[in-house]
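Taken in order, these protein sequences are the chains called A and G.
Numbering follows the working numbering, with no gaps: position 347 of the first sequence is 347.
Numbering follows the working numbering, with no gaps: position 63 of the second sequence is 63.
Please note that the accuracy of each hint is not assured.
Since the list gives no way to pick one copy over another, a pair counts as held whenever it fits inside one copy or between any two copies.
Derived lysine-lysine pairs resembling DSBU-like cross-links, with alpha carbons at most 30 Å apart [to be verified]:
#, residue 1, residue 2
1, 370, 420
2, 420, 224
3, 161, 126
4, 430, 126
5, 29, 251
6, 370, 224
7, 99, 126
8, 440, 370
9, 370, 430
10, 251, 161
11, 370, 99
12, 251, 370
13, 224, 430
14, 99, 29
15, 29, 420
16, 99, 440
17, 440, 420
18, 29, 161
19, 251, 126
20, 99, 251
21, 224, 161
22, 29, 224
23, 99, 430
24, 440, 430
25, 161, 99
26, 430, 29
Everything labelled a hint here was simulated from the structure, so no lab data went into it.
2 protein chains.
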Amino acid sequence: MLRLDLSNLDPRRVGAQGLDFAEALREEKERLEAARDALWGRRGDAAEFLGWIDVPEDTEAVRNVLRYRQANAWVEDFVVLGIGGSALGAQAVSAALGKGPVRLHFVDNVEPEPILELLRALDPRKTLVNVISKSGSTAETMAAFLAFRRWLEDALGAGWKEHVAVTTDPARGILRPYAQAEGLAAFEVPPAVGGRFSVTCPVGTLPLAFVGVDLEAFLAGCRKANETAQAGAEANLPAQTALVHDRLSRKGLNVNVFMPYSTRLRYLPDWFVQLHDESLGKAVNRAGEEVRTGTTAVRAIGTTDQHAQVQLFREGPHDKLITLVRLEEATEDLEIPAVAGLEALDYLFGRSFFELLSAEAKATAHALAKAQQPNFAFVLERLDAYTLGWLMQHLMWQTAFLGELWGIDAFNQPGVELGKEYTYALMGRKGYEPLAEELKAEGVE
Amino acid sequence: MLRLDLSNLDPRRVGAQGLDFAEALREEKERLEAARDALWGRRGDAAEFLGWIDVPEDTEAVRNVLRYRQANAWVEDFVVLGIGGSALGAQAVSAALGKGPVRLHFVDNVEPEPILELLRALDPRKTLVNVISKSGSTAETMAAFLAFRRWLEDALGAGWKEHVAVTTDPARGILRPYAQAEGLAAFEVPPAVGGRFSVTCPVGTLPLAFVGVDLEAFLAGCRKANETAQAGAEANLPAQTALVHDRLSRKGLNVNVFMPYSTRLRYLPDWFVQLHDESLGKAVNRAGEEVRTGTTAVRAIGTTDQHAQVQLFREGPHDKLITLVRLEEATEDLEIPAVAGLEALDYLFGRSFFELLSAEAKATAHALAKAQQPNFAFVLERLDAYTLGWLMQHLMWQTAFLGELWGIDAFNQPGVELGKEYTYALMGRKGYEPLAEELKAEGVE
Numbered sequence: 001m002l003r004l005d006l007s008n009l010d011p012r013r014v015g016a017q018g019l020d021f022a023e024a025l026r027e028e029k030e031r032l033e034a035a036r037d038a039l040w041g042r043r044g045d046a047a048e049f050l051g052w053i054d055v056p057e058d059t060e061a062v063r064n065v066l067r068y069r070q071a072n073a074w075v076e077d078f079v080v081l082g083i084g085g086s087a088l089g090a091q092a093v094s095a096a097l098g099k100g101p102v103r104l105h106f107v108d109n110v111e112p113e114p115i116l117e118l119l120r121a122l123d124p125r126k127t128l129v130n131v132i133s134k135s136g137s138t139a140e141t142m143a144a145f146l147a148f149r150r151w152l153e154d155a156l157g158a159g160w161k162e163h164v165a166v167t168t169d170p171a172r173g174i175l176r177p178y179a180q181a182e183g184l185a186a187f188e189v190p191p192a193v194g195g196r197f198s199v200t201c202p203v204g205t206l207p208l209a210f211v212g213v214d215l216e217a218f219l220a221g222c223r224k225a226n227e228t229a230q231a232g233a234e235a236n237l238p239a240q241t242a243l244v245h246d247r248l249s250r251k252g253l254n255v256n257v258f259m260p261y262s263t264r265l266r267y268l269p270d271w272f273v274q275l276h277d278e279s280l281g282k283a284v285n286r287a288g289e290e291v292r293t294g295t296t297a298v299r300a301i302g303t304t305d306q307h308a309q310v311q312l313f314r315e316g317p318h319d320k321l322i323t324l325v326r327l328e329e330a331t332e333d334l335e336i337p338a339v340a341g342l343e344a345l346d347y348l349f350g351r352s353f354f355e356l357l358s359a360e361a362k363a364t365a366h367a368l369a370k371a372q373q374p375n376f377a378f379v380l381e382r383l384d385a386y387t388l389g390w391l392m393q394h395l396m397w398q399t400a401f402l403g404e405l406w407g408i409d410a411f412n413q414p415g416v417e418l419g420k421e422y423t424y425a426l427m428g429r430k431g432y433e434p435l436a437e438e439l440k441a442e443g444v445e
Numbered sequence: 001m002l003r004l005d006l007s008n009l010d011p012r013r014v015g016a017q018g019l020d021f022a023e024a025l026r027e028e029k030e031r032l033e034a035a036r037d038a039l040w041g042r043r044g045d046a047a048e049f050l051g052w053i054d055v056p057e058d059t060e061a062v063r064n065v066l067r068y069r070q071a072n073a074w075v076e077d078f079v080v081l082g083i084g085g086s087a088l089g090a091q092a093v094s095a096a097l098g099k100g101p102v103r104l105h106f107v108d109n110v111e112p113e114p115i116l117e118l119l120r121a122l123d124p125r126k127t128l129v130n131v132i133s134k135s136g137s138t139a140e141t142m143a144a145f146l147a148f149r150r151w152l153e154d155a156l157g158a159g160w161k162e163h164v165a166v167t168t169d170p171a172r173g174i175l176r177p178y179a180q181a182e183g184l185a186a187f188e189v190p191p192a193v194g195g196r197f198s199v200t201c202p203v204g205t206l207p208l209a210f211v212g213v214d215l216e217a218f219l220a221g222c223r224k225a226n227e228t229a230q231a232g233a234e235a236n237l238p239a240q241t242a243l244v245h246d247r248l249s250r251k252g253l254n255v256n257v258f259m260p261y262s263t264r265l266r267y268l269p270d271w272f273v274q275l276h277d278e279s280l281g282k283a284v285n286r287a288g289e290e291v292r293t294g295t296t297a298v299r300a301i302g303t304t305d306q307h308a309q310v311q312l313f314r315e316g317p318h319d320k321l322i323t324l325v326r327l328e329e330a331t332e333d334l335e336i337p338a339v340a341g342l343e344a345l346d347y348l349f350g351r352s353f354f355e356l357l358s359a360e361a362k363a364t365a366h367a368l369a370k371a372q373q374p375n376f377a378f379v380l381e382r383l384d385a386y387t388l389g390w391l392m393q394h395l396m397w398q399t400a401f402l403g404e405l406w407g408i409d410a411f412n413q414p415g416v417e418l419g420k421e422y423t424y425a426l427m428g429r430k431g432y433e434p435l436a437e438e439l440k441a442e443g444v445e
C-alpha cells in the first residue's frame, strides 16, 4: 500500500511557494488526462520507448531469469558490470530487500584501484560476471568486461563461458553476436526500454534473483502503479505527483530533494536522480524550440541528513521542493534499553528504534513546513517488494507525465554524446582524428 | 600536490555565466585579504569555532590515538556510532585510503533493521564501539549507544568497558562524566571544533587509525592548506575558490555540483555536502538581517554520473557551478586486455583503465564547457593521505571564506533545533508537553 501525504504543500502552511493541490487538480484535470491518454496511446510504438509500461506484465521473462538462477546455485559472488541505468536499479532494490548469501558487486566506474581490489578478493570459480549494456558500446562497461573476461579465462580456461551472463539488446550491438558465437547465457533488454527504465527487465531482475528478492511481488507492485496511472486525475497518483512538480517548478523551485527515511533505501535516491535528471533535463522540446527544462534532483537520507542538509533546507533560499518517503511499519523492530547512569536519556528508554525514526520523520516534515519549505511524502505501509515495485514504477510514470506536460522527449539523452566523442578522440579511436586535433588546439589532450 | 584548473570558467568559453578570474581576483583582492585577516585574527577565541585551523598542528592528540590503536590490536570490527559530522569525515577518508583487515562500520541512522543486521553479524569479543557525540545529546547516536552498550554487556559482562571508546567534549554533556564513572577510554572533541570541521581531531583520526590511514601525512596535508590560506590573494588557493563560488552564486547559480572522478572518493561529496550546506545555508547574517544564503551542493561521481546527471548538467538550465576533482597519477594501474571477437573495441586494447578514466574526465569537462556550463577542477597529483588532507582542509577554508564574504556565521546550525524539539515532543520527553499539544492540534502525532 502506498499513499500520498500532501498536507505540507498547503499555502496556508508554507506560503507563496506552496500549492493549493485540490484547486490545481481541478484546473489541470484535462491537461493531465490528455497526457495520460497520449502516453497509453503511444505505448505500442517501440520508437517511443514506453516498453517499461508493459515489462511488468511479462511473467515469462521473470521465469526465465529464475530458472537460470536455480541452475546456477554454485554462485557466491555476482558481479554486475554496468553503469548508470544498468546498475542503479538493481543497486537500489538489492540494498533494500536483498538477502544473502550471494554477494552482489557493482563495477560502475573505471578507476583501476577498486577494480584490482575486487579482482583480488574474488574467487573466479565461485564468481558470475553479468555484463549489462544495451548498446554493447559503453566504454566503461566494455573495458571492465575485457578485464573480467581475461581474468576468468586465465583462471578457468574454456570454463570461463559458464561464468558470464550477457544482458543486451536482442539484435543490435556487438554483445549479442559475441554471446551467440561463444555460447554464453544471454538475456534481453527489450528494444523499447531505456536504461533508466530497465529495473523490471533482466537488467534488474537477473541480479535481484541471485539475492533472493521476491520478483513476482515486485512486478505485482509495478502493475499496481500501472493501474493507478490509468485512472482519472482524481485517482491518478503519478499524474498527481507530476502535477506537484510541474506547478512548483513553474514557481521557480529548481531544486528537487528526494529523501527517504530509511538506510535500506539509501540507493533509491541515486536511481531517482538518474531517472529524473536524465529524462527531464532537455535543451529543446519536441517542437525543436530551446527550452532548457529540468530541476536538479538531490539525494538525501533521513534521519542522517537532518544533520547535514536540513539546516540549508530550512534556512536557505526558497528554491526547493522536498519529496519524503516514510514507512508506517517496521519489518522488525528493536527496543532502546534503559542504562543506569544515562538517565538524561530516559525519554528513549523502552521506546523502539522505529518509533524514534517515525517521530524524527514527522518532526522534520513539520519543521520544514514551519520554515515555509514545501514538502510531500510517499507513505509506504511497509518496505517490501510489492510496495517498492509500486513506488519505483510510480516514479517512472511521474517522470513520463512530466515529460509529456513539458512537451519534451523524456526517453532520449542527446546531451551525453559529445562527451563520448571527445573520449573516443582522446583515446585515439580510429575516425576521431579530426576531433582529437580540434581538442589539442583547445589545450585538451 | 594540489592545483586548480580554472580554464573552463572563462567567459569566452562558457558565456555569461562564466567568470574572468584574473579580473575578479584584482577587483576582490582587498575584500579577500580582509576576510583572511578576520579569520586568522579570530582563531584564538573558542566562541568563534575556528579550532579546526589549529588541530592539525596538535601532533600529541594523534600520538594518543595511535597509542590506543596499538594497545588494541585485538579489534576486528570497529563500529562508529555517530551521525552527520561525527561520521562523514572518517567515512570519506576510510573509503579513499583505508586498508584492512579491521572492518569499519558506521551506524548513522536509527532504522531498526540495519542495526539488527549489524548486531547479528558482529562478534562482540572482537568489536570496538566508538560513540561520537560532542554534546552527548544527539538522539540517534545515544539510542544506538544504549543498544550497543546493552549488547556488549549481555555478551561480555563487566568486560564491556574495554570495548567502548567515547569521543566527546572535554567538559560539557553527559558522556564525559559517564566515561569517567565507568572508566571508559575517552577522546576529546576540542570545544572550538564543530562537527563538520572535526575530521582532523579524534572524531576522524581514531577510526582512521584502525584502518591504517597515514595520519601524520594527512595532517601535514592539512597544514599545507593552512599555509596557502595565509598567503596574499594571488597565492591564496582557498580564497580563490571561495571567490569563484561567491561570484557565480551572485549571478544566480544556486546549484553546486561536487564531482570527483574516483570511486575511492565516493563519500567525499557527502562530507562536502554537509560542510557546505550546513555552514552556508543561513536565514540571517551576523547583523541579524534576513539574507537566506546558501547554494545547494549536489553529489556526483565521475565517470559514473556521466550516465546519470551529465545530461541535465549539459542541457538543463544554466543554474550550476560544477567542481571536479581529477587525479594526475594512478596509485596502481591495470591494462585493458585485447579479446578476440570484440575488435570493435580495439581503441581500448592495450590502454589502461587510468588512461580511460583520465580521458573521460577531460572529455566531460570540455563537453560541459562547450554547453556553456562553467566548471573548474581540483587537480591532485595522486590520491594519498597528504593530498586528501590538503583538499579537505582547503574545502574547510573555502567554506570559512565564503561565510566571511557573506557576513554570516558559518559555524552554527540554528535551523535544526526546531526539528529536534518536535522529535522530543513526539517521543513524550518531559517538559515538551505543551509542544506535543501544539503538534496534535496541527494533526502531527
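Q) Hints broken by the structure, by number, lowest first? A) Numbers 2, 4, 6, 10, 11, 13, 14, 15, 16, 18, 19, 20, 21, 23 and 26, in rising order.
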